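Undergrad: Sequence:
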Amino acid sequence: MSKDTAVFHFGLMSDIQYADIEPASNFGGHEYRDYRASLVHAQNAVEYWSSLESPLAFITQLGDLIDGQNAGKYGQGLNFDEPQSKVALQQVQEVWAKCQTTIYHAIGNHELYNFTWEELSLYLNCKASESSGQQVISDSFTGSFYHSFSPALGWRFIILNSYEENMILPRSEDSLQRVKALLFSKNPNL
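Residue numbering for the sequence shown follows my numbering, beginning at 8 and increasing consecutively.
Please note that a few of the clues may not be correct.
[As the list claims (entries may be wrong)] DEER-style ranges, computed between Cβ atoms:
id, residue 1, residue 2, range
1, PHE148, LYS105, 18 to 24 angstroms
2, PRO90, SER147, 26 to 32 angstroms
3, LEU190, THR149, 35 to 41 angstroms
4, GLU38, GLN141, 19 to 25 angstroms
5, TYR55, ASP181, 26 to 32 angstroms
[Claimed, not checked] List time: in silico DSSO-like cross-link candidates among lysine-lysine, alpha-carbon distance up to 30 angstroms:
id, residue 1, residue 2
6, LYS93, LYS80
7, LYS187, LYS80
8, LYS105, LYS93
9, LYS105, LYS10
Please keep in mind that the hints were generated in silico from the structure rather than gathered at the bench.
Since this is a predicted model, take the numbers as computed values, not measurements.
Note that CB positions come from ideal geometry on N, CA and C, so glycine has one too.
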């Protein structure tokens, strides 16, 4: 067997989109989603990563931890008595609690459907349990939702906030006006 010469190993996950709802197709109708099973798939990934001979240096989660329907504003979420965002996130956090390494989160649109910027910082800059690794979504010094880290000499990973300026959850009225101006200037259909 060949010797492992990797400088480090890392895990990558995206679009868990967990929700305790029935399977359904996406808005376009061409993709089937099993929202409950996504939690099982995340558990399988964590178990696999934990079984590796060489431990992971970190995990990067690229956004959409939970589905937007948890907020109760569209789709099957309209059937909820109250939003399920915190409950769903807690269930995903229980999976992350089994990770012994740092998890770096990026923001997806579904995070913004479910939480404010302040809530994201509170819920995803934490340890899921005392024995788990740290979770990071924003820079602890600047509060920015973009940040970077260096897992090994000569390596730097940059997590961008592609929603820094957005219409889903703008940080301010000025931010919303900048986004609208940009969209109107670039899209003749608006």
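Undergrad: Hint by hint, say whether it matches the structure.
TA: Against the structure, the hints come out as follows:
Evaluation of the 18 to 24 angstroms hint for PHE148 and LYS105 yields a failure: the beta carbon distance comes to about 29 angstroms. One distance hint, 26 to 32 angstroms for the beta-carbon pair PRO90 and SER147, holds here, with the actual separation near 28 angstroms. The hinted window of 35 to 41 angstroms between LEU190 and THR149 is violated, with their beta carbons roughly 27 angstroms apart. Between GLU38 and GLN141 the C-beta distance comes to about 33 angstroms, which lies outside the given range of 19 to 25 angstroms.
The beta-carbon spacing between TYR55 and ASP181, approximately 45 angstroms, falls outside the hinted interval of 26 to 32 angstroms. Taking the CA atoms of LYS93 and LYS80, the gap is about 15 angstroms. The hint holds against a cut of 30 angstroms. Distance check on the hinted pair: LYS187 and LYS80 sit about 23 angstroms apart at the alpha-carbon level, within 30 angstroms; holds. At roughly 19 angstroms between alpha-carbon atoms, LYS105 and LYS93 fall within 30 angstroms of each other, so this suggested pair holds.
Distance restraint check for LYS105 and LYS10: the Cα-Cα separation of roughly 28 angstroms lies within the 30 angstroms cut-off, and the hinted pair is therefore satisfied.
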